[in-house]
Every structure is written in C-alpha cells, then in structure tokens.
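**Student:** As they're listed, the protein sequences go chains A and B. Residue 1 is where the first sequence starts when you use the working numbering, and the numbers rise one by one after that. Residue 1001 is where the second sequence starts when you use the working numbering, and the numbers rise one by one after that.
These are computed hints drawn from the structure, not numbers from a lab. Careful, some of the hints might be misleading.
Covered by chain B, per the in silico footprint, the following chain A stretches (three or more residues, Cβ under 8 Å) [claimed, not checked]:
1. 45–52
2. 150–157
3. 255–266
For lysine to aspartate or glutamate, the following EDC-like pairs were computed, each having C-alpha atoms within a straight-line distance of at most 20 Å [as the list claims (entries may be wrong)]:
4. Lys1096(B) to Glu42(A)
5. Lys1032(B) to Glu42(A)
6. Lys1032(B) to Glu1119(B)
7. Lys1032(B) to Asp1108(B)
8. Lys1105(B) to Glu1092(B)
9. Lys1032(B) to Glu1231(B)
10. Lys1096(B) to Glu102(A)
11. Lys1096(B) to Glu196(A)
12. Lys1096(B) to Glu98(A)
Ideal Cβ placement from N, Cα and C applies to all residues, glycine included.
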Amino acid sequence: MNPAATPPSFWASAHGELRRAARAYPTLLRVGLSEVVAYRAEFVVWILTTNMPFVMLAIWHAVASDGPVGRFGQTDFVAYYLGGWVIRLLTSTWLVWELSMEIRGGTLSTRLLRPLHPLFALSAEHMAALPMRVLVVSPVIAILVLTAGPRLAVRDPAVALIFAASLMGAWLLIFFTMVLLGSLSFFLESALGVFEMWLALHSILSGYLIPQELLPRWVAMVARRSPFDSMLAFPLETLTGMRDAHTALRDLGTQWVWIAVMAIGGLTAWRSGIRRYVAFGG
Amino acid sequence: MRLISRYARLFAVQLRMSMVTGMQYRADFWLKGLTAIVWLGVALVPLFSVFQQRATVRGWTFPEALVVVGCFAVMKAILEGAISPSLTSVVEHVRKGTLDFLLLKPVDAQFLVSTARFEPWRVTDLGGAALVFAYAFRRLGHGPSPRGLLLALALLAVATLVLYSLWILVVSASFWVVKVDNLSYLFGSLFDAGRWPIAIFRGALWFAFTFVFPLALMTSYPAMALLARLEPGTAIAALGGGLAFASVARLVWRRALGFYTSASS
Chain A
1 MNPAATPPSF WASAHGELRR AARAYPTLLR VGLSEVVAYR AEFVVWILTT
51 NMPFVMLAIW HAVASDGPVG RFGQTDFVAY YLGGWVIRLL TSTWLVWELS
101 MEIRGGTLST RLLRPLHPLF ALSAEHMAAL PMRVLVVSPV IAILVLTAGP
151 RLAVRDPAVA LIFAASLMGA WLLIFFTMVL LGSLSFFLES ALGVFEMWLA
201 LHSILSGYLI PQELLPRWVA MVARRSPFDS MLAFPLETLT GMRDAHTALR
251 DLGTQWVWIA VMAIGGLTAW RSGIRRYVAF GG
Chain B
1001 MRLISRYARL FAVQLRMSMV TGMQYRADFW LKGLTAIVWL GVALVPLFSV
1051 FQQRATVRGW TFPEALVVVG CFAVMKAILE GAISPSLTSV VEHVRKGTLD
1101 FLLLKPVDAQ FLVSTARFEP WRVTDLGGAA LVFAYAFRRL GHGPSPRGLL
1151 LALALLAVAT LVLYSLWILV VSASFWVVKV DNLSYLFGSL FDAGRWPIAI
1201 FRGALWFAFT FVFPLALMTS YPAMALLARL EPGTAIAALG GGLAFASVAR
1251 LVWRRALGFY TSASS
C-alpha cells in the first residue's frame, strides 16, 4: 500500500496543527497588539463599560456605613469590588460578538482559508490585548493594595500560586464558553439573544454584582454549584481570602472539570457548525 | 398644519415597517421577550440582597425602592424599544457613508433617522414594570395621588426627551470620531445604575448621575413624584433643565451635520 495515500492519523494532524500554531503565534500577538493600539479609543470605551462594580461598591459602602454586612466591612467591599473589576477585565473576551458577526457576515471564510485553526488566531488576538489591559488595571491594583493590602490573602505564596492558576483557568473557561455561545450563530439567528441571557445569569451568579454569600439563600446555592462560580467568584474570593487555601485547591479541581466540559462542548459545536456553514456569496 | 400631518403619516409608516420586520422573526420575538423578563429579574436580585440586610438604606425602604425599579423598567423599555435601535443604525450610516441617501430626502434628517427602527417586543418590559408597580404600591398600602401621577408622567416625558437628546449627542460625536458603535454599550451600562434611588450615591457619582448623565431625572424623580416626596423646586428645575438640554442637543446635531463628509471624501 502506498504510504502517501493513507491519510495522516488524527493525532499526527493535531500535532502538526499545534506546531504550526506555535510558530505563527508570536506574529499573531504582534498584529493583535498593534490593532489594539490603533483602536485605542474603542478600547477605552469598552473598559469604561465595565463600570457596574463601582456602582455596586458605592451602594454597599452606603449600606455598610452603620456596621458590617455579614462578613463584609466597608474595606472588605472595596477589596471585593476592585478585585472583581481587575479579574473581570483580565479574563473577559468579546469573542462572541466577533464570531457571530463573522459567521453571519461570511467573513469567517477568509479565516478558514488560512492554514491555521481560526480559534487559535482568535485566541491570539485576545491574548494580544492583555498588555494593554494590564496597563489599564494597574492603577486600580495599586489602589487595591494601598487600601486593602493587609486583607489580601495572596501574600501567602501558596495562595498566590492557586490564585494565578485560577486566573488562567478562568480565562480558558470563559474562552471556551464563548466559543460554544458564538458557535450557536451557525445554527440560530438569535445567538446574541442567548448570549444576553447568559450575561444576565453571569452577572448574578458569578459574584460580579453581589458577593455570593449576600445573595438570597437559594440563589446563592445555585450560584456556588454553577460554572459561573469558577469564572469569577473562585479567583476573586481566593484573592480576598474569603476561601481558605484548602477550599481553593478543591475549587481549582472543579474549575478544571468545567473547563473540560466547556472545551468539549465548544469544540463539538464549532466542528458541527463548520460543516453546516455556507458563506454568503462565497 | 399640513406639515404636522405629513410627519404624523411618515411616523405611522415607519412604525408599521418596524412592526412588519419584527413579526418576521417570531422565534426571536419570544426569545427577546423572555430575555427582557430575565433582565428585570436580574435587576431585582441586587435589590433583594441589599434590603435583606437593612430595612432602610439612606431613607429608602424596599417598596419605595421598587417604585424606582418600576420607573427604571419603563425608561429602559423606551430606550431600547424606541431610541437605541434607530440611533444605532445612524452610526452605521455615518461609518459607511450611506447617510447621503437619508439627507437627500425632503424631510428633516433628524426626524427620519430617529424614527427609522422600533423594537415592538419591548412592550413586554412595560408589562414587567406594571407588575413591579402593582406589587410595590400594594406593599405600601396606598396608590399614588392623581397630582403625583401627573407630575410623574410629565417627568417621564421630559426624561425621555433628555435620554433621546443624550443619544443624539452621541450620534453627533460619530461625525467626528467615526467608531462609536460601542458607545451604545457604554450608554446601556451607565443606564443600569438608574435602578437605584439617587439618594444612595454620594460625591462624584451623585454629581455625575444628577447633572452629567441625569439618571436622577429619569428614574428617581418620577418615583419620588409617585411617592409624593419630590419637592416642587426640584421638579420645576428638572423639567426646565430637561427642556433646555434637549434644545442644546438639537443645535449640536445641526452643527455636527455640517461636519459630515460622506464616505468618498
């Protein structure tokens, strides 16, 4: 049998693809960074859009002015919401809008022609924005350390390690969830509607608007067991020391289970979507 | 007189077009209606959480704060059903240069772009608002006085005008800095703070939400009018300020239009 005629095994092709991606990645990062710099006004507006934590901070600050609320004093609220804002900006992505626009507009075709998996390219675009994001959040990190430094649990090196791992995990989890939601555009006309629904649930259950333990009891129960917990509440509460090292380690395991679930779900939806995909005019 | 009837007819046509377009996507209609209800629920959860901890926050009880949420839902329905959709499409026109076609038509351009698109399913939001009002006033044990109701309606009308004017200013900005599509998200996210009584905010946020992005006028003042706790002086200032603001926005729009350079230049 002619060896050239046998198709490469799945693993060999996946391996080749990864190698190609690794070679292209640095260039993609550079391109992405210059894009962010070019559209800096848009970037700043997008940062300003994430203003809800500050409004909620003002509200809880008012509530806590006559004594602590549960475990939270005024300083704890400052640490919680500033930390939440920082984590949110470092881990969130606008992938859904991009994917659904490219799928509906048909511009995804150009990406599919390139010898690189579109999801790699998209992840590079997002990673490239990180330096700018770090730049923007650094003043808030400074304020956070100045006002609530002694309360932050990350001074313990073990906790700091778990926190760093949890940030990376949150990024991956959100990325794959966005791939799943974005791929819905292959099948539905109103994938952005589903995304809005997801945003609504996320803002309540992830601890973004309200610390989970201050939610009405049954909502808090649901929140703790949902994947939203791994996206924000877990890294954030590890940072502020509301979850001790032991609990945090267990939640890190849970986070990776969710990452596996979302990765399988997202990639499956993507693959079956690509098969249905018919570009307009293409 | 003929001018007014002409514009009224044009308005009816635009509205019917939006209805027809909306009806085409039935699954979308239901999904969006459902989303609107989920969002209202989301707006309520923080309120529950806060008032679970304290009976009053800066002088507001839970049912009183619910009246603010009701006004918030009404304004949100107006914003997302009648104001945002049209004006988002203007930004698109400016970017692509297709605003030319609208400017050529023999009617006022601002009228034409402002009535281009409505999203009729936002009516579900108004239904949600009605439920919130009903529950809040039952908890309070008394309805609003007729005078309070009239004043609240007047305030809501002026608030709509102000909201619309703010949007017109944003759109005017798009003549200079082309890429402002995500300004609409900024707008929406700032607006979300309107579900809280203005009394909760202090310092910079209070100033910003009273004078710069007047959320107080949009949600808190109408609610205070319904609860009969709005001082007459504040009401008059709010009404006058709102009208003045709207005329400034109209002037800015006229000027901004002069800077429109189409796509080819």
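**Student:** Are the hints correct? Go through all of them and say.
**Tutor:** Structure-based check of each hint:
{"no.": "1", "hint": "45–52", "in the structure": "holds (count 7)"}
{"no.": "2", "hint": "150–157", "in the structure": "violated (count 0)"}
{"no.": "3", "hint": "255–266", "in the structure": "violated (count 0)"}
{"no.": "4", "hint": "Lys1096(B) to Glu42(A)", "in the structure": "18 Å, holds"}
{"no.": "5", "hint": "Lys1032(B) to Glu42(A)", "in the structure": "27 Å, violated"}
{"no.": "6", "hint": "Lys1032(B) to Glu1119(B)", "in the structure": "10 Å, holds"}
{"no.": "7", "hint": "Lys1032(B) to Asp1108(B)", "in the structure": "32 Å, violated"}
{"no.": "8", "hint": "Lys1105(B) to Glu1092(B)", "in the structure": "18 Å, holds"}
{"no.": "9", "hint": "Lys1032(B) to Glu1231(B)", "in the structure": "38 Å, violated"}
{"no.": "10", "hint": "Lys1096(B) to Glu102(A)", "in the structure": "18 Å, holds"}
{"no.": "11", "hint": "Lys1096(B) to Glu196(A)", "in the structure": "27 Å, violated"}
{"no.": "12", "hint": "Lys1096(B) to Glu98(A)", "in the structure": "19 Å, holds"}
Checked against the numbered hints listed earlier, the structure breaks hints 2, 3, 5, 7, 9, 11; every other hint is satisfied.
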